[in-house]
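To convert, count from 1 in the sequence shown and add 2; that's this note's numbering.
Fair warning: there could be bad hints in the mix.
Unchecked claim - Quick list of the computed label-pair ranges, beta carbon to beta carbon: (1) Gly251 to Gln71: 24 to 34 angstroms; (2) Val197 to Glu313: 22 to 32 angstroms; (3) Met307 to Gln199: 49 to 59 angstroms; (4) Phe226 to Trp198: 22 to 32 angstroms; (5) Gln181 to Lys244: 16 to 26 angstroms; (6) Leu299 to Lys202: 37 to 47 angstroms; (7) Glu239 to Lys271: 39 to 49 angstroms; (8) Phe273 to Val197: 49 to 59 angstroms; (9) Met233 to Gly46: 42 to 52 angstroms; (10) Pro282 to Val255: 16 to 26 angstroms; (11) Leu83 to Lys244: 31 to 41 angstroms.
Said to hold, decoys possible - Distance condition first, Cα-Cα at most 30 angstroms in a straight line; then the derived BS3-like pairs of lysine-lysine: (12) Lys227 to Lys244; (13) Lys271 to Lys158; (14) Lys244 to Lys59.
Simulated from the structure, these hints should not be mistaken for lab results. Note that the Cβ used here is the ideal one computed from N, Cα and C, for glycine as well.
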Amino acid sequence: MGAKAVTKKQKANVELSVVVPFYNEEDNIRPLYEEIRDTLIATGRSYEMIFVNDGSKDKTQERAIEIAQEDPHVQIIDLLLNYGQTAGLMAGLDNAVGDIIISMDGDGQNDPREIPKLLEKLDEGYSVVSGWRSDRQDKAMTRKLPSRVANWLISKVSGVHLHDYGCALKAYRRDVVEQVRLYGEMHRFIPIYTVWQGGKIAEVPVNHRARTHGESKYGLNRIFKVLLDLMLVIFLERYMTKPIYVFGGFGFVSLFLSGLCAIWAIWLKLFEATSFISTPLPTLVGTFFTTGVLCILMGLLAELMMRTYFEAQDKKIYQVRSHSNFAKK
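Please work from the sequences and hints to get the whole structure.
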């Protein structure tokens with residue numbers, strides 16, 4: 003049934019898909035819908051709106067259904083539980099069929115009137131255009147300062163420099179998001195994936211508005227989740243096809259430390275008459291040695307898992323940009 007629906011939409015040649023996750027935004031959904039609708043109509047392009055209800059406990063779903071009954075361009079995805087912004091966005095991306103996909107928050111702080119600016123930049127040949135909330139309307143200490151620190155750190159670690167990774171207002175070409183699977187808080191890292199895959203990204207300043215209804219769902223604890231996800235992204239990019247390098251590296255360092263502790267303990271025994279049991283060195287020898295062996299074994303196990311991942315699904319460890327002068331098979 004789902005496949006038939008997608009086929010019909012594809013035949014309609016949808017150009018723009020706007021994906022908006024909502025969580026407890028009953029007062030924001032209709033005003034935001036009306037702004038998005040008016041903006042998309044003004045672009046003159048065919049479009050669809052995909053509203054994802056991320057397990058809301060208020061009347062967000064009822065409001066969304068009312069809108070969908072009035073406007074056939076609106077589709078609703080109702081998630082069973084509150085899975086978070088990334089999962090909500092992924093649900094929308096999985097069901098979007100537009101050539102260009104635009105994401106934004108459902109709290110009304112992203113301004114839909116900035117969509118044409120993103121499209122104009124995308125038409126210059128970019129793969130992803132990210133919004134930059136240059137005049138952010140949020141609390142300084144709890145939202146703006148932590149965000150600036152996180153953006154600086156992400157840019158330094160990844161080598162992809164953006165002012166505002168956290169801005170949900172972004173425009174993507176379909177071929178970019180089709181290659182990305184998102185977990186945790188990883189939706190903000192799509193520009194990084196894009197650059198690593200050879201794509202081009204751009205950033206444009208966009209209007210940011212103060213929240214008028216409801217309350218923010220984000221707290222300072224989100225920073226730690228983002229940093230952990232950043233570590234995972236870097237690990238996957240550098241070691242996904244060779245995890246033995248990182249596990250084996252830790253393993254050999256641990257074995258080396260074990261050897262140093264053993265030599266030190268023997269030196270103390272032979273030249274300073276210090277008993278083995280009077281120092282923690284024997285314990286450290288055993289701990290470092292065991293850790294080293296386990297790390298190497300984990301690396302070997304990770305290698306087997308990655309080979310199963312690629313070979314069982316017939317995945318390639320490379321991506322081809324294009325072919326020239328190859329005979330058709």
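Worksheet entry | List of violated hint numbers, smallest to largest | Of the numbered hints, 1, 3, 13 and 14 do not hold.
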